[in-house]
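Trainee: One letter stands for each residue in the lines below.
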Amino acid sequence: LIEFYDSFKDMFEFFCKNTTIHGTIRLVCSDSNRMKTAFWTLLFLASFGMLYWQFALMFSQYWAYPVVLTMSMHSEPKMFPAITICNLDPYRFGLVSEHLAQLDRMAEESIAFLYGINTSASFFHANEKNIYNIKDLPSIRNLSRSSFKLSQNYSLLRMPDHSNRSGKKHFNVGFKLCNATGGNCFYKTYSSGMDAILEWYRFHYMNIMSQLPVIINISDHEEQIEDMVYSCQYDGEPCRPSDYVHFHHPVFGSCYTFNNKGTDPFWTATKPGIPYGLSLILRAEQKDHIPLLSTVAGVKVMIHNHNQTPFLEHEGFDIRPGIATTIGIQQDEVNRLGGNYGKCTTNGDDVNVKLLYNNSYTLQACLHSCFQHIMVQKCGCGYYYYPLPAGAEYCDYNKQPAWGHCFYQLYNRLRNHHLNCFDQCPKPCRESQYKVFAGTAKWPSAKSQDWVRQALRHQNGYNSTSNRLDIAKVTIFYQQLNYKSVNESPLLSENLLLSSMGSQWSLWFGSSVLSVVEMFELLIDTLVLSLLFCYQRFRSKKT
Amino acid sequence: ITARIKRTLPVRGPQAPTLSELMRWYCLNTNTHGCRRIVVSRGRLRRFIWILLTLSAVGLILWQCAELLLNYYSASVSVTVQFQKLPFPAVTICNINPYKYSSMKDYLSELDKETKKALETFYGFSEGKSKVRRSVDERNSTGSEFFKQIPLLKFEDFSRTVIDLHSGQKRKIEGSVFHKDSSIVNSGDSNDIIGFQLCDANNSSDCALYTFSSGVNAIQEWYKLHYMNIMAQIPLETKEKASYSADDLILTCFFDGLSCDKRHFTRFHHPLHGNCYTFNSGENGTILSTSTGGSEYGLQVVLYIDEADYNPFLVTSTGAKIIVHDQNEYPFIEDIGTEIETAAATSIGMHFTRSRKLSKPYSDCTETGADIPVENLYNKSYSLQICLHSCFQKAMVDSCGCAQYAQPLPPGAEYCNYKKNPNWMYCYYRLHEKFVKEQLGCQQICKDACSFKEWALTTSIAQWPSTVSEDWMLRVLSWDKGQKLNKKLNKTDLANLMVFYKDLNERFISENPANTLVILLSNFGGQLGLWMSCSVVCVIEIVEVFLIDSLSIVMRRQWQKAKKWWNDRKRERLGKAPQAGDLERQGHDNPVCIDEDLPTFNTALRLPLPQDSPLPRTPPPNYSTLRLETAFTEQLPDTLEAGQH
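Going down the list, the protein sequences come from chains A and B.
Numbers 1 to 543, taken from the numbering used here, label the letters of the first sequence in order.
Numbers 1 to 645, taken from the numbering used here, label the letters of the second sequence in order.
FYI, nobody ran anything at the bench for these hints, they're computed from the structure.
Using N, Cα and C, we set each Cβ at its ideal position, and we do this for glycine too.
Beta-carbon label-pair distances, calculated as ranges:
(1) Phe422(A) / Arg430(B): 54 to 60 Å
(2) Tyr187(A) / Leu288(B): 57 to 63 Å
(3) Ser522(B) / Ile524(A): 31 to 37 Å
(4) Glu333(A) / Val554(B): 53 to 59 Å
Make a model of the complete structure from these sequences and hints.
Mentor: Right under this line is the structure:
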């Protein structure tokens, strides 16, 4: 099957005759002219060196996995993005309304104490919505705060939990947070009293709200979309009842997401321009149920991708009452190469943070989930604004007196990138961003406001008679349907790497992969031959 | 002549008489690696391995080269940022309200009366009636006929009982209901839905019903429908006069730190927005540019927006609309215009980007629009928007017989109005629905433009004038405005607008082909060299040996067979001795006497050697790739021998 050579000489002769490697053959097979051999050795070594130097360069470049960004314009028709609107008016749930009233009073007192102003009683008007019977919960006994006047320096009333406190020279307002033993305390201070009060209020609010059951049946509340959206049109046609999803946000109130799924052909964008966009007439009342939670009046709008949890606190857009706002959007898409070229995830399955939001993966959702997991692990309870992992409960300072201390420190570490959440959460491989550009005009105009209001009053149960601006109009449209997409693509694909290797090889040696196999063959032959000879000699010796 | 050609260009057949001989010859003499090894290797397994290796190398080459070819039509993008003196774009400014309400009153009084009546019956809304009292009756006869044809309707539930605005009676209507899904907004009290019905004039049973989620939208849409009919009948000069003049709209103007006036603005009449004014339209040949970026050096105008003279039903918001565009572009104010608020200073910062795409075969775009079968109705440069609008207008003229009011007229057509085309509205709505559902084919015909300019805008709004400056500013502006307006200006009638370059960088995004022919070829060369150390010459060699030579061998075989068969038959018929057959065979094995197969030019040129005769069948001489010359000299005697033989 395989014939072997009779001797090494035979083999080498054969090799010299038939090999295809250019330099070697001259070296090995040239006549025994010393000068020539030396010359060819030199040449061979030089070209060999050049070749491997080039190879090293190429491979080091390839293994660095460089990417090039390519930008391309696309213009295929696509879906309108999902739109979330919120009325910035969270409910006062009946279950906790008494505590909230208590908190309001407390805030009033502390403002009076800090600044010496008696705020008008109407500021904290008692609410009118009592939906559930108030269960008798243990009243928040130790929810007492101490504060002191800003103009005088030290009048610190220390209480087990929290205290407002000012700095030395200027009036830093803040409150004190301690750990469980009380040995480690710090003051959360703010340069402006307003921030401090808002933060202080928020902190208490979270504690109160944590008493609510985790799943609240919002549909029981009589709040309907008609109370907020007076008119909804997309592409000249009225929106349909199936087009929106309702949820309640503890800060932003009741929110409606239009086109959440992004599968309904009704929402395809056919043409750019204002007449073909989503047009809404909204109630933007300034009647706040919880005045100290958000101080903004109007409506919050967010434009986001389908199946994505809207993080309104991060990228919401505010709509002023009495104004028609036209928001032009433009889409940008980013596609990242995963794998060796960079860290990104296509659907979040390979991320070892369990997502608490049952929507598609986003960086923000991952960070929040990561933080919540750490929070539950370290502080023993969950942060109220984020969803709960299984088996955990929301923080409440009656149960976990030290959670405030724990939370703020943890949050600081997150902000300073000391928690490894940013390492654990890769960016999604495919992202689209919406660039927003807004124009505003007064609406309704002085001439038309009478009939507009009358029509709304009659038809939509709009019941304001005052001249206050409390309606707003929003139009969201595509400025252009073509969108830019930025794609990462490998600078050196394997294909190109092989090509350039081949060019180098041919350039310096004129040989190919097959020549290398020839060398291998020679090597194996040598081995086998020497083994054979050894064996023969061994046998001959024996005999 | 043939004899001479044969003499001067001695054509011999292929290098070997049989296919296997030819292969052997090829493998020994080729420059590609691997093949020679197949022949010279000793041992069957070794040979088999070499065959496998060579074939896999060929396969790899083919695969990689196919991949290279597939990637050939990809484009890479380069972004350049240039710092230069940028031309200022054209800025078109319109009042949101198209015509002064006071001057249009004669035409619209009938419609307004109707609208007010509708409001009163449906909503119990009554305005101070004194204004409408003057009731001009001379138009009454013509106008209200049409209003009666298309009245506002109030629906009771969805049982299709409606209350007519005029008769106030209930009646049943039939016809397909558009938007019939109950709208999300008023599922509660559905008896309040307002809409209107459009019927085919020729066939009154064919009706379409339009309902709206809010009465505000319904009334506005209904008003607009009738308004367009009325406006289509009014001549252009009258409309231009009824709209705002440059003096009316623009109070002050500053550009690049210098004062400017109405001569810098070009008027253009927009069917829906009345008179619009374009700053820096480039009409007189010069295009202004700013010396530096920043709000100081941009365009700064104060606009007078006469809120009291607004049409209450047509427009419900107050302000102005602006659009930033290129001098060659048509401003689509109604589609992508930006609104500006009154009593506020709006500053708009711009960022300029120019983009260029590669046209075919890289992407499907058009350079000038000349290759698109839709006539450009706007005398501006091509854009997708223009194409879509033109396409729709063409379809409208074709199927409805008249042109839609909001778009320019194609030659030989006229605008729709219901005196001449009583059917047009129904036709229009049907057509528009088709258009949106992409049944007209416009979206397929129209392509993107390959190069476009884009100004990315960012706005910020501040209150203006400030309370302390309000007093003197309003006084000065009122004085400027002159005597014809003897009332003091109100701050809610003014809008301040600044449009400026944020910086003078021009971003130029252009696509370039990622692969040129040179790169493609060098990559091919790399692949060929890497696997087999092959080159173009060896490709030619392969073509020669495997295609031409082997084909000629096969053909010769066939020819000989046919000839033999023919001879056999002849012999049988003649009953001759069989020696001839022997001779014959010798003859056709002898290459010199083969003239039957057609010599191709290639073989004629490239084959220097006569082939081996079958007789010697020598084992391959000791060729060496290094000493090709010797190989030839060694081979030559053989072949000569064969020749002599």
